[in-house]
Amino acid sequence: MMDVMQQLREQAKKLLEEKKVDLVIGFGQGTELARTTPVFIDSPEGVSALTWGPFCANNLAKYLVDYKNAEGNVAIVVKGCDSRSVIRLLDDNQISRDKVVIIGVPCAGQLEWQKVAAEIKPDAVLKETADNGDSFLVKTSAGDYTFNKKDYMLHRCLVCENPNPVISDITIGKELPVKNYEERFAEVQELEKLGTDDKSAYWDKQFSRCLRCYACRNVCSVCTCQICVFDQMKPMWVSKRTNLSENTVFHITRAFHVAGRCVDCGECDRVCPMDIPLRKLNQKIHKDLGDLFDSPTPGSKPGLLSALGEFCPGDPEEFM
Amino acid sequence: MEARIVNKGQLPELLDKLAKDCDLIAPVKEETTTLFRKISGAKDAFLEYNNSDISPKGCFLPQNEKTFSYTYTGDSLEIVKPEGAKKTVLFGTRPCDIKAITTLDPVFEGVKFGDEYYSSKRENTVIIGLSCSKVLSTCFCYAFGGGPCDGTGSDLLFTEIGDKYYVEINTDKGKALVDTYSQIFSSQGADQLAKGKEELAQKLSGEFIRKVDLTGVKEVLDGNFELPYWDGDNYKKCIGCGTCTYVCPTCHCFDIFDYTTGDFTGDRIRCWDSCMYPEYTLMAGGHNPRPTRKERVRNRFMHKLKYHLDRYDMVGCVGCGRCVKKCPVNIDITKIINDLKEVAQNA
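Chains as they are written, first to last, in this note's numbering: chain A, 1 to 320; chain B, 1 to 347.
These aren't lab readings, by the way, just hints derived from the structure by calculation.
Note that beta-carbon positions come from the ideal geometry of N, C-alpha and C, so glycine has one too.
Where hints are given, some of them may not hold.
[What the hints assert, rightly or not] Derived lysine-lysine pairs resembling DSSO-like cross-links, with alpha carbons at most 30 Å apart:
1. A:K205 x B:K38
2. A:K115 x B:K203
3. A:K301 x A:K179
4. A:K127 x B:K134
5. A:K199 x B:K29
6. A:K139 x B:K211
7. A:K150 x B:K134
[To be verified] With beta-carbon atoms standing in for the labels, derived distance ranges:
8. A:Y181 x B:E83: 21 to 31 Å
9. A:K121 x B:T171: 46 to 56 Å
10. A:D42 x B:S205: 34 to 44 Å
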């Protein structure tokens, strides 16, 4: 992955030198070996901070909203899943196409940093990483480690819909094969088998842990309301009090608000400090939208109408 | 200092008895997370944890707390306050989290503005600490004078050594508990185990990975509210969620509001609030003194590294590492401290 990293830096440098963009948003080495952190580079000299590998889990697309009114253009590094967010932001008129340079990198999957950190000598320093198909090789100052994707990858990556960016101006790295995972909705199907009471009990248990830190909402690339209903004070639709009832209102409302727009990047799931499996909620909606309206994953190609923003005479009307 | 020994085999008996005699709060495993909950006996406790996902600060400052209920009857207003705290034992708390409680104490137990809700729980709770058996890559308690086996702030400190717990009695409250359950606490052989504890503390203190040095940090913050450092990447990458503040064992900001339960009845609730939220400092007239994430991020670190020191002569961070671990974008207070130290050196 060294070559991808090198090319990334070269392209970023070129964009900045030629003044095509004022800012490059990408991944930089984090404070743990197996973590990266978003970096904001505004000078050609700064590009050495850019990195790439199996620790770039963050979806950076949301940051484009912060710069939508900035004077200059912004370049952003996206994976396959992140690129769907960019399409959604464009389709929602949150950002304008001519102000964004999309650097797409086909992604071989992202590892769960905590699982990796548990295996690696704590004071080791990352040297380089390589994709070996079913596993990643992680070379460190304390030796080489191999991480099987099956055991160490984020769940969302195990059933990745498309590792290749679906929109990009500059593509770095080789296109990767698109696999069709039959088990994509396996977890949702398991939940669907439960009776109403058991489903309710399952989610009650999850939502009761919610701290209402709003990490899931804030990281979400399609949560772009200027004033969110959950922040509104007058009227206060949802109380700041955390309890099962208020927490449930929050999560169900959010899931339905992003229905037909959620790009299934899985960031809500990754950032939840209480490990609430939020992606399952959104996946249920994805599955239903697919079953009912034959709707592809939002953002999977430009200009798709939102399933809930479009009327077709043939739409099912079971409840009418 | 007095010490005792508890055989590991007898711990369940102690926990079962405590759960029967008072409210027992201990770490429990819920799905993949470790939290502090009231438990009914030893079978619910999960002591093989390293750092719980949420600190036990909620035992004294719950995320939601009813401060009183009110009923307006037409000609009078009736206020009903909740009963005082029950006798409680907080078991299995790690040293950093205990230290965090001692940083909350001056906020809520100040001479001028005491907080009866906090004090009532604090007075009625016996804190039983549990020394760490491992140092995580995100731990840095040593930087603030703490340590994996540091009993400061605890009433009793348990340290696991082989098949026994070495129990240090740090306060009269702790002594009273030991006396109540004296058949479980043995004093024989405690001296020998003291050496074992020292060795463990020594061993663990050498295992910290993060180098954190506060030299000059307070001084550089003192004179420089508008430090250019705050214009850097930290606020740009912050997504403005409240994770760091809610998992933090020393963050203590709260909001108060009325929760109506009928036309003329309701509860006054106090609940956690976060300085990362835009409406946190929003004023009635619409002005917000911390209008962007830059001011909010600065405020959080100023509070930890300066304001708490100014007010109470204590650093507002204990090095538990939760915010480091949980921040979705890897904003890391240890990096900020080291960056600020560098700023101080170059100044």
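Verification of the hints:
Between the alpha carbons of A:K205 and B:K38 the distance comes to roughly 16 Å, so the proposed pair stays at or under 30 Å and holds. Only pairs whose Cα atoms come within 30 Å are accepted, and A:K115 paired with B:K203 is accepted, the gap being roughly 25 Å. For the hint pairing A:K301 with A:K179, the CA-to-CA distance comes to about 17 Å; that is within 30 Å, so the pair holds. In summary, the hint linking A:K127 to B:K134 is supported, as the alpha carbons are separated by about 26 Å, within the 30 Å threshold.
For the proposed pair A:K199 and B:K29, the alpha carbon gap of about 21 Å is at most 30 Å, so the pair holds. The hinted pair formed by A:K139 and B:K211 meets the criterion: a straight-line CA distance of about 23 Å does not exceed 30 Å. For the suggested pair A:K150 and B:K134, the alpha carbons sit about 28 Å apart, so the restraint of at most 30 Å is met. For A:Y181 and B:E83, the Cβ-Cβ distance of about 55 Å falls outside the hinted range of 21 to 31 Å, so the restraint is violated.
Hint check: A:K121 to B:T171, Cβ distance near 39 Å, so the stated range 46 to 56 Å is violated. As the Cβ distance of A:D42 to B:S205 is approximately 41 Å, the hint placing it in 34 to 44 Å holds.
Comparing the model with each earlier hint shows violations of hints 8, 9; every other hint is respected.
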